[in-house]
Amino acid sequence: MSEKLFSLVSGIIFGVGLVISGMTNPGKVVSFLSVTHNWDASLIFVMGGAIFVTAPIFYILKNKKKSSLGINVKLPQKKDLDKKLFIGSCLFGLGWGLVGLCPGPAVSSIAIFDPITLIFLLAMLCGVITNKYI
Amino acid sequence: MHNFTPLSASIGGIIIGCAVVLFFYTTGRLAGISGIFANAFTNKENRSSNLLFLLGLVIGPLCYLYFTKIPVNFEITNSYILIIVAGFLVGLGTRMGGGCTSGHGICGISRFSIRSIIATITFIISGVITVFILQQFGFYL
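Protein chains in written order, with my numbering: chain A, 1 to 134; chain B, 135 to 275.
Think of the hints as simulated: they come from the structure by calculation, not from any bench.
Among the hints, erroneous ones may be present.
Stretch-level coverage of chain A by chain B, calculated; a stretch enters the list once three of its residues show a Cβ under 8 Å from a Cβ in chain B [as the list claims (entries may be wrong)]:
(1) 24-30
(2) 45-51
(3) 69-79
(4) 92-101
(5) 105-113
(6) 123-130
Keeping only pairs whose Cα atoms sit at most 27 Å apart, straight-line, the calculated DSS-like set for lysine-lysine is [unchecked claim]:
(7) B:Lys178 - A:Lys78
(8) A:Lys74 - A:Lys64
(9) A:Lys66 - A:Lys4
(10) A:Lys65 - B:Lys203
(11) A:Lys74 - A:Lys84
(12) A:Lys64 - B:Lys178
(13) B:Lys178 - A:Lys74
(14) A:Lys4 - A:Lys64
(15) A:Lys62 - A:Lys78
(16) A:Lys132 - A:Lys79
(17) A:Lys132 - B:Lys178
(18) A:Lys4 - A:Lys74
(19) A:Lys65 - A:Lys4
(20) A:Lys62 - A:Lys79
(21) A:Lys64 - A:Lys79
(22) A:Lys132 - A:Lys78
(23) A:Lys132 - A:Lys84
(24) A:Lys78 - A:Lys66
(25) A:Lys4 - B:Lys178
(26) A:Lys65 - A:Lys78
(27) B:Lys178 - A:Lys66
(28) A:Lys74 - A:Lys62
(29) A:Lys65 - A:Lys79
(30) B:Lys178 - A:Lys84
Since the model is a prediction, treat every value here as computed from it, not as a measurement.
In this text, a Cβ means the ideal position worked out from N, Cα and C, and glycines have one as well.
The shape of chain A in the complex, shown without the other chains (with noise of 0.2 Å):
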């Protein structure tokens, strides 16, 4: 029960970081990535800001086995830099590039009640299912 409340609440939280730093705005998205063109570098400190509080915190914890709640502690165990991770990454940060949303400010922007997001969430959930088909 716990974990399902902490999820919901651990949700909420991310979700008014992400409105707060601007990046529910694919406009905004895309100006990171325009270098040659009214480059805005904000997104770099989005994700300093949360670096610099997950990387101390992940590092304290590092051995911990268990969470608060008793649950066995799951992290990637992957090392391996494989043609997956590189072709994965290719194809994501093309399709980021199309439009400006990435799958969390793509949830977040249902919030906003612009039909054309849960298209693109549709997409993407076919995407995901492809996916294993491969």
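Dock chain B against the given chain A, drawing on the hints supplied.
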């Protein structure tokens, strides 16, 4: 620099960092949103937690915008083809590459994961090239 907002970006980033820490500290999982999104719809394990996290991602901005009455900027293409192609590529690419801006860009980099550092550099370069090419064809958002 046009519309550069380092202060609100940093504050937003710090809040996002707190959310990632809270999620990890309580559930023992990393808040990579592409993974949470994919698992919420394709994996029974932790489904309700994942769906609640996604619900929070919507409720947070909804409450923030409602209480602050700050007008929200939302500039997006009006091309449905572009939206569908981009959405598909974001879904496929993040799952193939194992993460997105949050999973690789925030969680992975702060754990000094080489995979995540390479992935983040790759998707940013790929995004920059994409925007540059679009602009050569007169697409400015």
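- Okay, which hints does this one fail, numbers in order? Hint 10 is the one this structure does not satisfy, whereas the remaining hints hold.
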